[in-house]
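Chains as they are written, first to last, in my numbering: chain F, 2 to 993; chain G, 737 to 1148.
These are calculated hints, taken from the structure and not from any lab test.
Treat the numbers as computed from the prediction; the structure is a model and nothing was measured.
Mixed in with the good hints, there may be bad ones.
[Claimed, not checked] 25 Å max Cα-Cα, derived DSS-like pairs, lysine-lysine:
1. K74/F - K1147/G
2. K864/G - K806/G
3. K1104/G - K747/G
4. K988/G - K691/F
5. K933/F - K761/G
6. K205/F - K747/G
7. K655/F - K988/G
8. K864/G - K887/F
9. K691/F - K655/F
10. K933/F - K1147/G
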Amino acid sequence: MGDLLGIGITGLKAQQTALTVTGHNIANAGTEGYSRQTVNFNENTPQFTGGVWTGNGVSVDNIQRVYDEFLTKQMQRDTSTFNEFDTLALNASQIDSLLADSGTGIQPGIERMFGSLQSVVDDPSSLPARQVLISEANGLVDRFASINDRLVDQNEIINGQMEVVAGEISTIGKAIAELNEQIQLALAASNGSPPNDMLDQRDKLITDLSVLVGVETVEQDGSAVNVFIGNGQALVIGNEANEIFADAGSTDPSRVGLYFRKGESIQEVTPEITGGQLGGMLEFRETVLDPTINGLGRVAMSINETFNEQHHLGIDFEGSKGGNFFEDLNAPSNTYSRAQGDARNEKPNDRLLSVHITDTSKLTTDNYRVEFPGPGDYIFKVYNDTTGEELKTTALTGQLPQSLEIDGFELRLEAGSFQSGDKFLLTPTRSGASNIDMKVTRPEEIAIASPISTNAAIGNIGNGAISQGTVYDVNTPYLSSEGEMDPPILIRFTSSTSYDVLDNSDPGNPIPLFPPLMNQRYVPGISNSLLPLDEGKTAFTSFGGYLPVKSTYQAQAPAATVTAQNGFFPERITINIEDPLTGLKTAQPLLTTPANSSAKEIARLLSERNGVDASARTTVELSDFTSDGMPLINMGLTLNGVELTDTLAAGQTKYDSDYPAVVPDPVTPNFIADRINANRDFQDLGIIAKSDGATVTITALNGEDLSFDVKGDLGDSFTIGNGLDTQLTQTGEAPFKNLSEFEGFDFSENGPYTYEFESPGQGKFSIELTGNHATGADVLNEIQNKIETSGMSFAGSINVELDEKGNISFQPRLQVSGTGPNGSNKIAMGGQVKVVLDENYSLDIEPPGNNLFDTDPVGESIHFGFEVEIEGIVEAGDKFNIKFNKDGTSDSRNGVSLGNLQTADSIGGNSSYSDAYSTLVEEVGSITSRAKINKDSSQVLLRNSQDAVSSTSGVNLDEEAADLIRYELAYNASAKVIQVARDLFDTLINTF
Amino acid sequence: MRISTLQSFNKGLNSILDNQSQVNKTQQQVSTGRRVLTPADDPIAATKILQLQQDAALREQFGKNMTGAKGRLTLEETQLAGITDNLTRIKELTIKAGDGSQTIGDRQSIAAEVRQILASTVDLMNSKDAGGEYLFGGFKGGTQPFQQNENGRYDYAGDEGQRFLSIATSTTVATGDNGKNLFVDIEAVDNSFTTQTNPLNQGEGVVNPGFVVDEDAYASFYPDDLIVTFNAESAISPAGPNFTVRQASDGKIVDGLEARGYAEGSEIIVAGIALRISGEVQPGDEFLVNSSEKQGITDTIGRLMDGLNNLEDNPTDSATLDNLLADTLDNLAFAQSSVSQVRSEVGARLNVIDNTSSLAADIDIVSKTVLSELSDVDFAEAVSRLSLQSFLLETAQQSYAKIQNLSLFNKI
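Given these sequences and hints, build the entire structure.
Structure (structure tokens):
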């Protein structure tokens, strides 16, 4: 009976607990992460009384949560996958709509710029149309800048979010570690009864963590859960939590990296992190943001470079050469910003690298990496950082700067103590879109016209027509001066199938070019390209005639004849051929030229060799003819054995009949020129002369020495120079007005005025002009003095010339005079050798310090830089001119070429600007679309696994209602048992 | 399967949200008329759309170029027609002047009319386009191409440039012709010449175009060129500016003209031609005379006028006049054929533009259709989709409300 009461009480207590659990379930029906709990009842141990086992009631065995570990883990994994794609899709779709938006995209900007360019082509002299082009180009630049700004902002946002998320991860990690500890304590205290709600909380925290990052969990000792992220980095071990934090990336400071801190040690884990929002951000940055910034940069760079290059080939409204349309791609600040050292490189941080863009058509959108892997500090490797491919392994030569060509850019290692372990990140295209900027500001500066103009002489008998010409290089000697073609070219047909290309500086006397281009073949009936193309040939010239310190005295006969020598040193010349593939140089047998060889002879010796074609030309300038006025002996001048100052009887055959018969005193330049040109020997030898009235220039077209024998009184003299002027270039402030030989100049005002010049074989010298000079002659004197005292060695004195634009040039001139009644003075001048080398050929010249060539001569291209064609029937004597396009304000040929860039395959050899941009849009679109699909599918998976968990562990209120009724009934019944027990007891008591 | 209460709530909610986002997207498509809202909707179509849009923009630009080119060519054609008419009128007058009954007085009045026509012809040759640029000046659109010099003759101051406009990706069309080709570089019955000042000259002297005074003398000299060189002043006595005339081919002195004194503006007659150098000259200066078998329109008319005005009614002059008139008729015929040749070229260019333009219009229609297929929404389909989706959304909402009312707690 007492038992019955006891049993009733156990039932009552057990049902009460069950009702509590049901209530708890109902209360937590909406709690996230809650697992419904169930009560497990247990029969109490029976009692053996009265020979039978009597039941002893019920007790609560335990309260269990309905939980499936595998389903929960699956759900956590799905959570992390879904959040990764969700973050990626969210961020990518922002860029996706940014790029394709007609208000912000690049495409409409390109179209508008080229549209306005076409209007300029249509009406090149309209300044308003040019102004519109500048505005539209500015608009395009702004579009690049604004999209780039948005992308950079996006990067900043990602950087900020990564910091926040890293903080949250650390906080959650700490909370899990604390729960681990509490759960251990609780388990110990409850003798193994599970603290269900704490377990739920811990699972909830792990799920929360999965939202942020992919995690792996491992249960330890049935109580603690260890949490790992990334590549096995332990965020939580038992009740210990480690920290993860975000800071500037070590390879790339502008991209935040993730670091794992365990005690004192810090490790960068950025590449290992996957899953969750963090994984999504990293993937977005790697697959969308960076390629987009680079791709956009590449389009901008390509527009920048190709437009500038074509712009350089034109001339502007004022006839000046086209400058940069956009700012220079390779401005120093740009080149340095494209390379950055790893933060972990050994200190001191003194390595300087730069990246120069050389060919935008070869650029990729990838980033690159330079590593010094060791052993030793010399070997370095270049990798494509995006694909991981190793591109080059090279060693430092020991001489900085050292440069290396990679995919359209040149990497320069400028300075610093490179060491093994060093790493550098190269981002050639990243800053492209932010660096593009307008250079041209005035509408006049746009180079729409072409610098050359061609015409057929009106007297042509044939019907040959010359093309307008195409310019492809303005850095050739022909086009390098402003506002002129130097020299203008005359094409003269010598028969219906042959032509000469001549220097037309003096239309009265066109002369061969140097090197000559004569007797070329013309084929009637087809279009003939007349000028040599760029075949890689290079040319350089020797220093030119050597001016001796003084002339050579020839005593009167019967003294032995002395010969004046040209003074050239002997040379040893080595001709090298470089294999273009291996870079290996092989040398031809040594060539020696004897001392005092004529330029003609040196050219002949050189031309005998393979790959070398040399020509020679000798030029001297004679001026300042003076006479002492004494009629005793007038000046007598003999050139190469031909007396030029003789008086001949009528019927002579030495000169053409129209020669100047009377010898003036003093001798004049015109007279000398006329005599030389009229002399029949000289006509055969190709010795010609030209006089401007003050100076006579004598040229031996074959490079023979020109030697003079001068008779006369001591006061009869002239000066001689080698005809090669040296130009001075300004290194400091420009003069406030042009220097002139007719006007004084005060160099103390706004100065100092510094100039430098290069003397052949001697290097560079600099001078500073000072003082106030009242007249033009004083100014010339000042310049002359400064040059003479500059340290340059020279013979004679310096003759300074100032042109109309104030440019300074000089030429050393030696005075040669008569010797009185006995003997004469002799002087010989050698010529200039022009050496044309085939591609891959080079010369080494010894000994150093010779007076003929540089020891390591650097060649210049020999092509003209433009191409013209003639077609049709031509006759001997037909002439065609190629000259500077003066006043060509209505010419838009270069504008047409600029316009063609819109559809040209400028990027990667197969894409126009727009193609490359739409490819970029397509790529971002594909990634976004894929990310959205992945997001949707992973969402379905997540919902499924959430359903599965919910289905197992979730509270069903109907079920709980039923339980409530069930347990209430059982409770009521247990109460009834107690009542029955009491009734029994009462009955029994009442019987007494 | 066991369903937890939270799950059934979430499921109902999710289906409402999913339906909502679909309805929203379809609604956006219908309201913008665009099927591809962002490239992610259809990356491949998006690229094609960008390309087609670029092509369309290019075609629009080419269309503008064609309009510009057409305008300029039509203007040129009109001016050339005017010039042809003028030449025809001069031809008639030339024939009239050849009537033996005409006296010098009659011829002078004819010359007066020729002068008027010449002036109007030069006006046409100097005409400007809509942008104020000279039509026939080559690249020198800002310089009046035909300028009358002090001798009453017209010099060509333009160059031989010819402008082109792109009217399709690989088609360009010339939008003009230079005055030299059209009006100067015209075959002539007689040999002619041009003159030139050497750019290296130190002095300021200029040379006029000159004219042939003695056909036979010039014919025997032709086709050699002449160079007039100024010598040192001391070459003559008393010292002063003086010149020598040489043959360009070999430098021989012509007609013994050596060290002749120079009086500013005086006429030099050599090898049957007369030319005049004026202005200050320096020793060493050169003036070049290049022979030519061509003669410009204005020179032809100018020479005719001279003849009509000056040739008297005597047998010698009559013979010269007959000769002149016959030559003039031939030269005018050459001039007309030069002009009509260019006119036919202009016509051909206009044809090319028309053809290209109609081709572009065809392509435009096709590519618009493709563009529309790629980017535009199919309204019938989209609207029916929208109504289906709205219906589904409503159903989801209603069923949600219904299901949430079902609870055991309501019954106890």
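When the structure is checked against the list of hints, which entries are broken? Sort them ascending.
1, 3 and 10
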